[in-house]
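> Could you slot chain B onto chain A? The hints should help.
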Amino acid sequence: MDDSDAQERGPRMLPQTETGNPNRESVAVTPLLEVADVRHEVRGERQKTTNLILSDVSLRARAGEFISIVGPSGCGKSTLLNLISGLAKPTGGTIKIEGQQVTGVRPDVGFIFQQDALLPWRTAAENVQLALKFRGVPKAERRQRASEWMDRFGLGALHERYPREMSGGQRKRAAIAATLVYEPRLLLMDEPFSALDVQTRDFIETDVLSAWSQTQGQTALFVTHDLEEAIALSDRVIVMSQSPGTIVSDYPVDIPRPRNIMDVRTTEHFQDLHKTIWADLRKQVLAGAAPGKGQ
Amino acid sequence: MRPSVKAAVALADVATVAGVIALWQSDSAATASYLSKPSAVFAAIKVWLTNSTLLGYIPVTLWEAAAGMLIALAAATVIASLLAASSRAASIFEPFMALGNAAPRIALAPLFLLIFGTDLKSKVIFVATSVVFIPFFSIFRALTTVDQDLLNNARCLGAGRFAIVREVYIPAVTSSVVASLRVTVAFSLLTAILAEYLASQEGIGYEIQQAQNNLQANYAIAGVVIIALIAVIIDMALRLIERRALVWRDPS
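First to last, the sequence lines map onto chains A and B. Quick note: the first sequence uses numbering that gives the first Met the number 0, first residue 0, plus one each step. Quick note: the second sequence uses numbering that gives the first Met the number 0, first residue 0, plus one each step.
Hints are supplied without guarantee of correctness; some may be wrong.
Label pairs and their calculated CB-CB ranges [stated by the list, open to error]:
hint: 1; chain 1: A; residue 1: Asp196; chain 2: B; residue 2: Val223; range: 32 to 42 Å
hint: 2; chain 1: B; residue 1: Arg140; chain 2: A; residue 2: Ala194; range: 20 to 30 Å
hint: 3; chain 1: A; residue 1: Asp225; chain 2: B; residue 2: Leu10; range: 56 to 66 Å
hint: 4; chain 1: B; residue 1: Phe95; chain 2: A; residue 2: Arg163; range: 30 to 40 Å
hint: 5; chain 1: A; residue 1: Lys47; chain 2: B; residue 2: Arg160; range: 28 to 38 Å
hint: 6; chain 1: B; residue 1: Arg87; chain 2: A; residue 2: Glu140; range: 55 to 65 Å
hint: 7; chain 1: A; residue 1: Gly73; chain 2: B; residue 2: Ala74; range: 43 to 53 Å
hint: 8; chain 1: A; residue 1: Asp196; chain 2: B; residue 2: Met0; range: 31 to 41 Å
hint: 9; chain 1: A; residue 1: Asp196; chain 2: B; residue 2: Ala178; range: 28 to 38 Å
hint: 10; chain 1: A; residue 1: Ala194; chain 2: B; residue 2: Arg243; range: 27 to 37 Å
On the chain B side, residues computed to face chain A include the following (Cβ under 8 Å) [unchecked claim]:
hint: 11; residue: Ser80
hint: 12; residue: Ala83
hint: 13; residue: Leu149
hint: 14; residue: Arg154
hint: 15; residue: Cys155
hint: 16; residue: Glu166
hint: 17; residue: Asp249
Just so you know, these hints were derived from the structure itself, not from any lab. Note that beta-carbon positions come from the ideal geometry of N, C-alpha and C, so glycine has one too.
So here's chain A without its partners, still in its complex pose:
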């Protein structure tokens, strides 16, 4: 049912929304996101020591790119998203979105968390409307817009459900709809599917990818520890080192779009890419796990 839905919208998927195409690189003068020499330290538990979480992270993202960040656990990839979202401030370096320095949470950035953070006392529909409510959108309009997004994510029959009455996959869909409803320019995702079973994950990824491809150049930054997922979704896969995290490599993923999440993994090209990137990622994982270096 998800597939037919995507096909139905097929004609609207104009070539210029199929991004990640290097030929159009020259269009964007300022990158949508620019992370320059970011380092981040946090105070240790006894307040005396500081832990370096990120060191010299630099990264640029164009409008319309889908970028995944992979790395060993504890490498600071979630911290990087927190800094970009404006929820936390880096101790060094700059983060700019559309040329403006990030000083706090921005209305054109969306963040989908690992844990579903729906308000438990609000129904699914109310949760999906929240961002519009915060933006002062009139009631009738926000109800309609939320309803459209809920339909796209297969939540049409669940408007009046409270989060506890929904499955993990349904809650995740609601959380995604709640973020996409205000059409952020930059979409941050922090291991959003790690708690889901494989089938549910494939379905939701398909819907997310289809929603993203229909936007006018939404940039997605996707943190995961699952390399297959990263390659299947992205235009670029960035590998981070073990802690303190820094970017060690940046691989373009030249698999044509639209992609079928479920089939793409079986192609030879995918497997070659996976082999190459995994060889790199594996080094980082092993370096983190080496005796004396573990945390």
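Showing chain B alone in chain A's frame:
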């Protein structure tokens, strides 16, 4: 519970009550002087509900409990919000609240009556100060343990300070207050009766005390029965409210 099981439980309840009353009624005259008899208690309840003076005592007690409880809820909200907003203030004052909560406050009732007199106002103050700790701790805990993910998510969705209070903090606090309301109500009634019992000119507690002085155990027990019935009715109403207000919660 299956309906048949439910009926059996209800039947067992009725049988237990009937058994106790029968045993009590058949008791020898030896204990009757201070334990009275169900028939006498029943007669006393009848008088209580027909005599205008005694009947008027019921709203007096309820009013003291209700006013005291509302003041306690308001004060608890203010104090808990202030302490939750400032971790420094919390580290200074929370131990005092814990001390106040642990102290046998009821033992201080005579002192209260000395300071504030024996009128209605002093009962209200006594109820409020005795009860305030229950909602305080439930509100304080609710405010300080609000899920960080909920706050971050709300911020990312564009909630300002005011919107976060409205959408996250107030619902979190409301649910914890509702959940602790039954204990708060029961304790308010208890302390109101106690204050009346110690020194007053009216109220159910006053009548219980008078009856005991006059060796009219049946009137004292009638007072206890009446207040217990009222408490049960309020409790049932609160359960209903709780279920309505907390539909979003896991059925407990």
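> Each hint needs a verdict: does it hold in this structure or not?
Hints, one by one, checked against the model:
{"no.": "1", "hint": "A/Asp196 to B/Val223: 32 to 42 Å", "verdict": "violated, 58 Å"}
{"no.": "2", "hint": "B/Arg140 to A/Ala194: 20 to 30 Å", "verdict": "holds, 27 Å"}
{"no.": "3", "hint": "A/Asp225 to B/Leu10: 56 to 66 Å", "verdict": "holds, 59 Å"}
{"no.": "4", "hint": "B/Phe95 to A/Arg163: 30 to 40 Å", "verdict": "holds, 37 Å"}
{"no.": "5", "hint": "A/Lys47 to B/Arg160: 28 to 38 Å", "verdict": "holds, 33 Å"}
{"no.": "6", "hint": "B/Arg87 to A/Glu140: 55 to 65 Å", "verdict": "violated, 44 Å"}
{"no.": "7", "hint": "A/Gly73 to B/Ala74: 43 to 53 Å", "verdict": "holds, 45 Å"}
{"no.": "8", "hint": "A/Asp196 to B/Met0: 31 to 41 Å", "verdict": "holds, 34 Å"}
{"no.": "9", "hint": "A/Asp196 to B/Ala178: 28 to 38 Å", "verdict": "holds, 33 Å"}
{"no.": "10", "hint": "A/Ala194 to B/Arg243: 27 to 37 Å", "verdict": "holds, 31 Å"}
{"no.": "11", "hint": "Ser80", "verdict": "violated, 19 Å"}
{"no.": "12", "hint": "Ala83", "verdict": "violated, 19 Å"}
{"no.": "13", "hint": "Leu149", "verdict": "holds, 5 Å"}
{"no.": "14", "hint": "Arg154", "verdict": "holds, 5 Å"}
{"no.": "15", "hint": "Cys155", "verdict": "holds, 4 Å"}
{"no.": "16", "hint": "Glu166", "verdict": "holds, 6 Å"}
{"no.": "17", "hint": "Asp249", "verdict": "holds, 6 Å"}
Of the numbered hints listed earlier, those contradicted by the structure are 1, 6, 11, 12.
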